[in-house]
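**Q** Let the sequences and hints guide you as you build the complete structure.
Just so you know, the sequences run in chain order A and P.
Here the first sequence stands for residues 868 to 1102, numbered as in this note's numbering.
Here the second sequence stands for residues 248 to 503, numbered as in this note's numbering.
Treat the hints as calculated values from the structure; they're not laboratory data.
We put the beta carbon where it would ideally sit given N, CA and C, even for glycine.
It cannot be assumed that every hint is accurate.
Calculated from the model, a selection of chain P residues having no Cβ within reach of chain A, i.e. all distances over 12 angstroms [said to hold, decoys possible]: (1) 272; (2) 273; (3) 284; (4) 303; (5) 304; (6) 316; (7) 324; (8) 333; (9) 338; (10) 380; (11) 412; (12) 472; (13) 477; (14) 479; (15) 489.
Here are the simulated lysine to any residue pairs, SDA-like style, with alpha carbons at most 25 angstroms apart [claimed, not checked]: (16) 453/P with 361/P; (17) 895/A with 977/A; (18) 888/A with 977/A; (19) 430/P with 1075/A; (20) 338/P with 1098/A; (21) 430/P with 928/A.
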Amino acid sequence: MNGAFAGLLREARKALLVCGKDLRIEWKSPDNLPAMFFFGLLVLVIFNFGFEAITPSFVDVGPGMLWVAFSFSGVLTFAHAFAVEREGDALQGLLVAPIDAGTLYIGKMIACFLSMTLVELAILPLSALLFDFNIVPVAGSLAVVVPIHTLGYAAVGTLFSAMAARTRRGDVLLPILLFSLSVPLMISAVRCTQAALAGGAIFTGPAGAWMAMACAFDVIFLAAATLTFEYVVED
Amino acid sequence: MNGTKAAGAPSGSGGRSGACAAMTAGQIGITLLTTVFAIATLYGTFFYAAREKVMGDVQRIFYFHAPAGIICFLAFFVTFVASIGYLVTRKRTWDVVARSSAEVGLLFCSIVLLTGPLWARPIWGTYWTWEARLTTTLILWLLYASYLLVRRYTDDPDQQARFAAVVGILGFLDVPVVYWSIKFWRGHHPLVLKVSGGGGLEESMKTVFLGGIITYILLYLCLMAIRVPMGRAEEELRWLEAGASRRGAGAPISRT
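**A** The following block contains the structure:
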């Protein structure tokens, strides 16, 4: 049992190394994060024009708008995650390293998750500002709801981006696959975010059931993706 | 195309090269059986099944619509199992079965999505609503269309099989989650007819419904019986072409 735990820690360290590498690359030459941020912001602005004729409340349309912004900018980060490995055939280097494919996946996934979270941290206050909403009292609920759903999205997105990077029209294939598969997660995200913005309970009632489903989604697809990642990257 | 038969050419062609190959006895048998059941079910649909009280004759679309939905799920389950089978064994037959089942399943799913709105319009007054079962079926259609798109956009055959297998597995895992989430999101399927456990269906309707299910199962098997050998022949052809180009033997084999 002790050996298994030590082994798990070792794999966790390797995953964090991979994640750290990606984040360091991004830190040295910020390529991805600015693009994600501006794209997300642009989506918010465009949505605003779409709703201008009727003046809806932020609690009603905000969640949908926010999650469209997050999911579209998420696609950018997933596409970037494996595009960056194409230079100098870096992916080959990763694959011959003494690192399990599942561990590599977890590392990449955490990097994507953190990128998305950084962008969300920037966009949420900005959206509250643009739509005249006081986000401070609900920040705690949002801090629970948003990461849980981002995690599931990153889990599926990272796997499919590895696939899409090696196909023709991967830029089109990634959103098609990702959006089709993550429909339940998106529904849950909008529902829970709405409950959070309205100041309501997120662990009980309907929102609680959605949170449970989101957690189940995260677990199922993290496990499935970790197990199947090796089949996607093998030669 | 010259008349010489390459070694290891696909069997089941009745020994003829060139134009359309003869069907095997099994394929003919299942086609005949399907035709018989289809004719019987069609007769039952229009002449035997009782006229529904509330919806009238429009309800008869049900006998095309519901069995297609059930067998479409079966087809996608077969794709799921075959995808796992391929990843574990790496035998191309599993891959051919997975792809064939996905194609047939997508066809049946399209039937559901076409007959549904045709039925909904006179009954609900609208072609489409975003309720549980319709949305689930639409998402299912998108998932398996993207399964086939992944195959189309991946050039390397080995990669294609692996990627498709992964999508086939994850897609099917998603189905119950999608169904639950949309059911919880939208509430009820506003249908007068309740088909659970055979309750609520009159005798003649139950018979025709059962006939419909058997017909669709047979249709599925019939289409698979034709598509799978076709897929295996395509694999053989690809193998032969790859071998020819590797050996640098003369002009490449033309596909036409």
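**Q** For every hint, state whether the structure bears it out.
**A** Checked hints:
1. In this structure residue 272/P is separated from chain A by more than 12 angstroms, as the shortest Cβ-Cβ distance comes to about 38 angstroms.
2. With a least beta-carbon separation of about 33 angstroms from chain A, residue 273/P lies farther than 12 angstroms from that chain, consistent with its non-interface assignment.
3. The non-interface label for residue 284/P is consistent with chain A: the shortest C-beta to C-beta separation is roughly 34 angstroms, beyond 12 angstroms.
4. With a closest Cβ-Cβ approach of about 35 angstroms to chain A, residue 303/P is found to remain outside the 12 angstroms limit, as its non-interface label requires.
5. The Cβ of residue 304/P lies farther than 12 angstroms from every Cβ of chain A, with a closest approach of about 35 angstroms, so its non-interface assignment holds.
6. At roughly 18 angstroms from the closest C-beta of chain A, the C-beta of residue 316/P stays outside 12 angstroms, upholding its exclusion from the interface.
7. Under the 12 angstroms C-beta cut-off, the non-interface status given to residue 324/P relative to chain A holds; the minimum distance is some 16 angstroms.
8. At the 12 angstroms boundary, the C-beta of residue 333/P falls inside the reach of chain A, the nearest C-beta of that chain being 9 angstroms off.
9. Non-interface status of residue 338/P relative to chain A is upheld: no Cβ of that chain comes within 12 angstroms, the nearest being about 15 angstroms off.
10. With a least beta-carbon separation of about 14 angstroms from chain A, residue 380/P lies farther than 12 angstroms from that chain, consistent with its non-interface assignment.
11. Listed as outside the interface, residue 412/P is inconsistent with that label: its C-beta sits roughly 7 angstroms from the nearest C-beta of chain A, within the 12 angstroms cut-off.
12. Under the 12 angstroms C-beta cut-off, the non-interface status given to residue 472/P relative to chain A holds; the minimum distance is some 29 angstroms.
13. Separation of residue 477/P from chain A is adequate, the least Cβ-Cβ distance of about 24 angstroms exceeding the 12 angstroms criterion.
14. Under the 12 angstroms C-beta cut-off, the non-interface status given to residue 479/P relative to chain A holds; the minimum distance is some 22 angstroms.
15. For residue 489/P, the shortest C-beta to C-beta distance to chain A comes to about 17 angstroms, beyond the 12 angstroms cut-off, and the non-interface label holds.
16. For a cut-off of 25 angstroms, the pair hint linking residue 453/P to residue 361/P stands: about 23 angstroms separates their Cα positions.
17. Under the criterion of a C-alpha separation no larger than 25 angstroms, the hint pairing residue 895/A with residue 977/A is consistent with the structure, at around 18 angstroms.
18. For the given pair, residue 888/A sits about 11 angstroms from residue 977/A by alpha-carbon distance, which is consistent with the 25 angstroms threshold.
19. For the hint linking residue 430/P to residue 1075/A, the alpha-carbon distance of about 16 angstroms falls within 25 angstroms, and the restraint holds.
20. Proposed proximity of residue 338/P and residue 1098/A is supported: the alpha carbons are some 14 angstroms apart, at most 25 angstroms.
21. The hinted pair formed by residue 430/P and residue 928/A meets the criterion: a straight-line CA distance of about 22 angstroms does not exceed 25 angstroms.
Of the numbered hints listed earlier, those contradicted by the structure are 8 and 11.
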